[in-house]
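Protein chains: 2
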Amino acid sequence: MDYCFGVDIGGTSIKMGLFSRSDGLLKNWEVPTRKGSEPTLLLRDISEAIELCLKENGIRKEEIAGVGLTAPGPVSEDGLLRGTVNIGWGDVYLGKEAEVIFGIAPVFVGNDARVAAFGEFTFGAGKEVNSLLMFTLGTGVGGGVILNGQILAGKTGTAGEIGHMTINPFETISCNCGKKGCLEQYASATGMVRIAERFLEETDKASSLRKLEKVTAKDLWDEAKKGDELALEITEYVSRLLGMAIANACYIVDPEMIVIGGGVSQAGQFLLDMIQRKYAENVFPHCRDKKFALAKLRNDAGIYGAAAMVFEK
Amino acid sequence: MDYCFGVDIGGTSIKMGLFSRSDGLLKNWEVPTRKGSEPTLLLRDISEAIELCLKENGIRKEEIAGVGLTAPGPVSEDGLLRGTVNIGWGDVYLGKEAEVIFGIAPVFVGNDARVAAFGEFTFGAGKEVNSLLMFTLGTGVGGGVILNGQILAGKTGTAGEIGHMTINPFETISCNCGKKGCLEQYASATGMVRIAERFLEETDKASSLRKLEKVTAKDLWDEAKKGDELALEITEYVSRLLGMAIANACYIVDPEMIVIGGGVSQAGQFLLDMIQRKYAENVFPHCRDKKFALAKLRNDAGIYGAAAMVFEK
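Order-wise, the sequence lines are chains U and B.
If you're matching positions, the first sequence starts at 19 in the numbering used here and goes up one per residue.
If you're matching positions, the second sequence starts at 19 in the numbering used here and goes up one per residue.
Keep in mind that the hints were calculated from the coordinates and are not lab data.
Certain hints may be false.
Unchecked claim - Simulated pairs of lysine-lysine, DSS-like, Cα-Cα distance not exceeding 30 Å: (1) U:LYS309 x B:LYS114; (2) U:LYS243 x U:LYS229; (3) B:LYS197 x U:LYS197.
Values in this document were obtained by computation on a predicted structure and should not be read as measured data.
Turn these sequences into a full structure, and let the hints steer you where they fit.
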């Protein structure tokens, strides 16, 4: 029982990883994501990929301790995956279906953002801590809560959906989720661009951002680093709301570490320092000295976390 | 080992409870809280009260499974109580000190609001669930997070300080904690009165509240129940912010139940329904159907929770 598979199901491709208990990741590769109205065919594709890998590497099924799967939707603590819009499924106990199709048990399933947080916890930025909160700043804002060495899924799989915490109760524009004032509307790449555009429109202040045809989140942070005043104002504004949201989350779970990941986090230490400063301005003094770190595993966090669900159980 | 003591240290009195494992609360009484610069004398008062109780009831020390203590300050997961302003102590490992003074071990220590939540979880509103979040609406707003049958203390003891989550990033008036826009500024008894006064000042709308010399939170909810339009507007306003804060908390921990306690909660089912409605407007559809309940144990939640720390460990 020295091997396992970590499988990260994405919208366009499935990332596969073969792990050994002693040596970690041995091999990783991708297969295309088949879209359809139910997950059976997709699970068969994964099953085929597993069988082929076992054959190629001379590993018997009996040597596999289990499979970890990520899913692009909320997974409740009893393992129910709720209808995932991206791929077009209804509600399904994905793990149980997968066990039958793979002929391997157990199969653990977790929400992709939560599993990525678990990957950072076990193999990445959070290796040395006992609890963490991860904020993934990408197209949206995802997250994961790791407490007592475990993913916190929550009763309905909603624990970790930090992108949809209301941070501005007076927002007039709607989030993709239908609510108004979600963190995601300010702290995702898309949200930062929206705020940047608003600032650029509402003021006449000179800014290197005005020279760009279309501002991206990367542009915004690049110009802020170079000292552009308006870019700095905008990054301070979004970081303040993000810092508040992190502080709010800490008033609920108070973890040992905050991990910032996702595409936007490539702005690096400059971004991390600004967020940490805004966080510290919004919590009690005895809670200010919290560890902040950038995510380390990038796009592999999912397969690492999926493997960890098997090996760390 | 069939007995334990649950002790709830308050600003003016110490609530004491003798519990048996089989029959629950056998006897409860109070002793005055001694104020001073270090906790030794106060612990001696508790020790005396325990000794007297044992003698009067013919119980030997060997039959005591332990003592649970609440403390009016944050207690970190390793048992450190941070300087408690109300009583005038510095940082102290209160449990360890108490074990020496009482001659009884173990002594468990938890923050008072968290322990009260644990009381509701084990003996009160949350007896049938596995996880809950409690919001205590009193002079301030306190709270507690119960996950996996345990109090979540957090790295620095801050888990559950939900009264200081920022719910309005644009507030100009400061909270007692120094920050601006804390939930407590809207959802505590004091906060509700502040908002009511603001509404009364900013509008000419007729209201039965105008007949009162000084509006209290109880008046506000009483008049809202009677259908006073402005009182309804104000309760809707504060309930919306509270509902958002509860939704935000659920996006972090997603518990099975929300318990509302504290003096303000005596407004009863009317208040609970309004808060639950505002909560539901601010979460994903699959998370809307959460159990909401009023606290049951009132002022005894502390001693029940303290006893539960001993018996449920």
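Each hint, compared with the structure:
no.	hint	result
1	U:LYS309 x B:LYS114	28 Å, holds
2	U:LYS243 x U:LYS229	16 Å, holds
3	B:LYS197 x U:LYS197	26 Å, holds
Consistency note: the structure conflicts with none of the earlier hints.
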